[in-house]
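Produce the complete structure using the sequences and hints provided.
Protein chains: 2
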Amino acid sequence: MSELRRDPIVGRWVIVDVENPKAPQDFLVEPHHYEDSTNCPFCYGNEYMTPPEIQAFRHEKTLINRAGWQVRVVPNKFPALQIEGDLDRRGIGLFDMTNGIGAHEVIIETPYHTKDIPDLELDEIEKILEMYCMRFKDLEKDKRFKYIMLFKNFGSSAGATIDHNHTQLIALPMIPKNVLEEITGASKYYEYRDRCIFCDIIRQELEEKERILSQNKNFISFCPYVSRSPFETWIMPRAHKLSYCEISKEEIGDLAKMLKEVLRRMKVALGDPSYNFILHTAPINSEERPGYHWHIEVMPRLSRIAGFEWGTGFYAVATPPEVAIRYLKEARI
Amino acid sequence: MSELRRDPIVGRWVIVDVENPKAPQDFLVEPHHYEDSTNCPFCYGNEYMTPPEIQAFRHEKTLINRAGWQVRVVPNKFPALQIEGDLDRRGIGLFDMTNGIGAHEVIIETPYHTKDIPDLELDEIEKILEMYCMRFKDLEKDKRFKYIMLFKNFGSSAGATIDHNHTQLIALPMIPKNVLEEITGASKYYEYRDRCIFCDIIRQELEEKERILSQNKNFISFCPYVSRSPFETWIMPRAHKLSYCEISKEEIGDLAKMLKEVLRRMKVALGDPSYNFILHTAPINSEERPGYHWHIEVMPRLSRIAGFEWGTGFYAVATPPEVAIRYLKEARI
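Going down the list, the sequences are from chains A and B.
The letter at position 199 of the first sequence is residue 299 when you use our numbering, and the numbering goes up by one with no holes.
The letter at position 146 of the second sequence is residue 246 when you use our numbering, and the numbering goes up by one with no holes.
A few of these clues could be false.
Straight-line alpha carbon distances no greater than 20 Å define the calculated EDC-like cross-link-like pairs of lysine to aspartate or glutamate that follow [as the list claims (entries may be wrong)]:
| no. | chain 1 | residue 1 | chain 2 | residue 2 |
| --- | --- | --- | --- | --- |
| 1 | A | 177 | B | 103 |
| 2 | B | 177 | A | 281 |
| 3 | B | 277 | A | 281 |
| 4 | A | 357 | A | 230 |
| 5 | A | 288 | B | 103 |
| 6 | A | 429 | A | 126 |
| 7 | B | 277 | A | 103 |
| 8 | B | 246 | A | 103 |
| 9 | B | 277 | A | 282 |
It should be emphasised that the hints constitute simulated quantities derived from the structure, not laboratory data.
Structure representation (structure tokens):
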């Protein structure tokens with residue numbers, strides 16, 4: 101018999117197939133491939149193909165918008181939202197609308213066309229993680245923005261349209277629904293128990309030991325009890341901090357190590373799948389809600405969302421996290 | 101500049117590209133194809149390949165579990181949930197779980213291997229719609245069930261694994277999150293205004309005339325102002341009724357006509373895309389919430405859900421409903 105499991109933060113149920121769990125080879129992984137780099141706008145020498153750069157880490161004596169960068173941030177050429185203008189929120193009968201104000205940036209994480217995070221050196225990954233923080237601090241100054249969503253689509257099944265390794269961020273003039281649900285759920289728990297629900301989840305996962313993937317001084321990674329997709333993995337700082345930007349230098353080092361390991365294990369165990377990773381962090385320019393705890397959620401995209409998931413918000417998980425963890429741990433990296 | 105639009109029921113925002121809207125040919129539609137029918141478990145003569153049938157409309161003097169049916173309902177061979185057993189809800193530390201109790205049925209809508217609803221005769225579609233209702237009435241008797249989710253995955257991009265035309269239903273021991281959000285949103289509006297929000301949406305759409313696809317005596321179809329995906333279309337009964345099962349014989353006739361037309365227009369305008377359709381109806385064996393209004397939501401699957409949608413619950417809609425409607429209306433059917 102399958103199990104129904106309930107997420108304690110947002111109340112979502114998932115159906116977990118504990119009886120006939122799928123192994124990695126049971127999923128149809130669309131093979132990831134890199135197109136030829138000649139026309140890649142994210143490669144050295146092609147900097148003119150992107151809008152002018154916003155920020156970059158560069159080797160000494162290299163010029164802006166030229167080769168020689170290590171991490172480069174540019175506006176999205178086809179932005180979902182644009183930075184100039186007024187919100188001008190108004191009602192249209194029953195409905196509400198505002199102008200599409202926001203920022204949509206691309207963080208080109210490496211000059212190497214065919215390297216993803218698992219293939220990079222630790223100091224290269226640290227630079228990426230530092231850049232995330234620098235972009236947050238810069239965009240936070242714009243008081244119109246209430247949330248910055250940082251996410252990565254790797255591979256076409258995960259929605260990537262350019263295969264050169266990159267992350268995107270969108271600064272939004274409102275707190276999005278999914279984030280608000282998570283924060284509201286965590287706040288309710290905090291009010292009731294006077295404790296952070298994420299800290300309690302870490303504690304329980306460490307006690308049960310069944311779903312822990314790896315640990316270091318500052319971070320732990322695990323496949324959550326209420327995974328929405330097979331092999332979903334969360335990376336969580338041990339320290340209770342609301343925002344990603346509170347990360348210390350030492351923590352950046354530990355996070356780089358863990359992110360590399362987690363993505364490397366997924367790549368080996370699952371055959372280089374497409375994946376999304378999403379940074380969950382507190383809103384900006386908003387009232388502080390003490391029950392939150394920033395973290396990263398990584399989801400390999402092994403199955404498609406169909407009518408049942410659309411309709412219910414339930415997820416059917418073909419590999420229980422207790423089984424997924426074994427494949428991830430056994431991967432020879 | 102794009103527009104941000106807010107759903108008045110659940111508070112979700114979507115980003116609508118009103119500046120450079122995508123036309124149907126701008127989407128990469130995975131061509132739909134039907135496998136050879138020899139081993140199709142839903143074809144005449146292969147009835148032994150499915151679990152024994154639960155219910156069917158049959159030609160006179162044909163035998164159960166043999167050819168001669170018009171609509172046939174069987175248990176899903178690989179059910180997400182199973183009907184026997186106790187729920188046995190319990191806590192695991194922070195988490196909640198129950199046994200995977202429920203019903204998971206397949207409604208084989210036609211014996212023709214390569215015909216979907218747009219290709220069927222109206223009386224054939226009416227039989228399908230009647231069967232939905234009969235299954236609801238039967239499953240409602242089981243007091244463990246709180247919700248019946250009826251949905252269709254057509255085409256592999258929409259999550260279908262068998263290409264012979266069918267619908268699925270899952271009876272669940274709880275009201276799923278997305279449904280609860282919709283009902284709660286509608287109830288709040290009802291308490292505040294003493295009116296049904298769906299009736300008000302119909303009224304506004306009829307007044308604005310900008311997004312109406314078709315109308316008949318009992319139903320209207322339109323591309324909603326806050327679509328989540330391009331060419332999303334809702335079919336809504338004019339009569340304020342909570343549950344699908346309150347449908348009258350006359351309404352079934354009108355719904356069959358409209359469903360055929362809407363799906364036919366999508367098929368022609370978009371090049372036979374995969375789609376999901378989801379029946380939104382009130383919970384069963386639960387307290388009645390008067391602000392609800394059953395309807396059907398049809399979503400062609402033209403783009404993939406990526407990190408931004410996962411993280412935020414926002415959707416980026418490349419074709420505004422005001423533009424989508426023109427292509428659907430112009431389709432020669």
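Now the hints, each set against the structure:
1. Restraint check: the Cα-Cα separation between residue 177/A and residue 103/B comes to about 18 Å, which is no more than 20 Å; the hinted pair holds.
2. Between residue 177/B and residue 281/A the alpha-carbon distance is near 35 Å, which puts this suggested pair outside the 20 Å criterion.
3. For the hint linking residue 277/B to residue 281/A, the alpha-carbon distance of about 11 Å falls within 20 Å, and the restraint holds.
4. Taken as a hint, the residue 357/A and residue 230/A pair is honoured in the structure, with Cα atoms around 14 Å apart against an allowance of 20 Å.
5. With a C-alpha separation of about 33 Å, the suggested pairing of residue 288/A with residue 103/B is violated against the 20 Å cut-off.
6. Taken as a hint, the residue 429/A and residue 126/A pair is honoured in the structure, with Cα atoms around 18 Å apart against an allowance of 20 Å.
7. About 17 Å separates the Cα atoms of residue 277/B and residue 103/A, which keeps this hinted pair within 20 Å; it holds.
8. The hinted pair formed by residue 246/B and residue 103/A meets the criterion: a straight-line CA distance of about 17 Å does not exceed 20 Å.
9. The suggested pairing of residue 277/B with residue 282/A holds, with an alpha-carbon distance near 13 Å, which does not exceed 20 Å.
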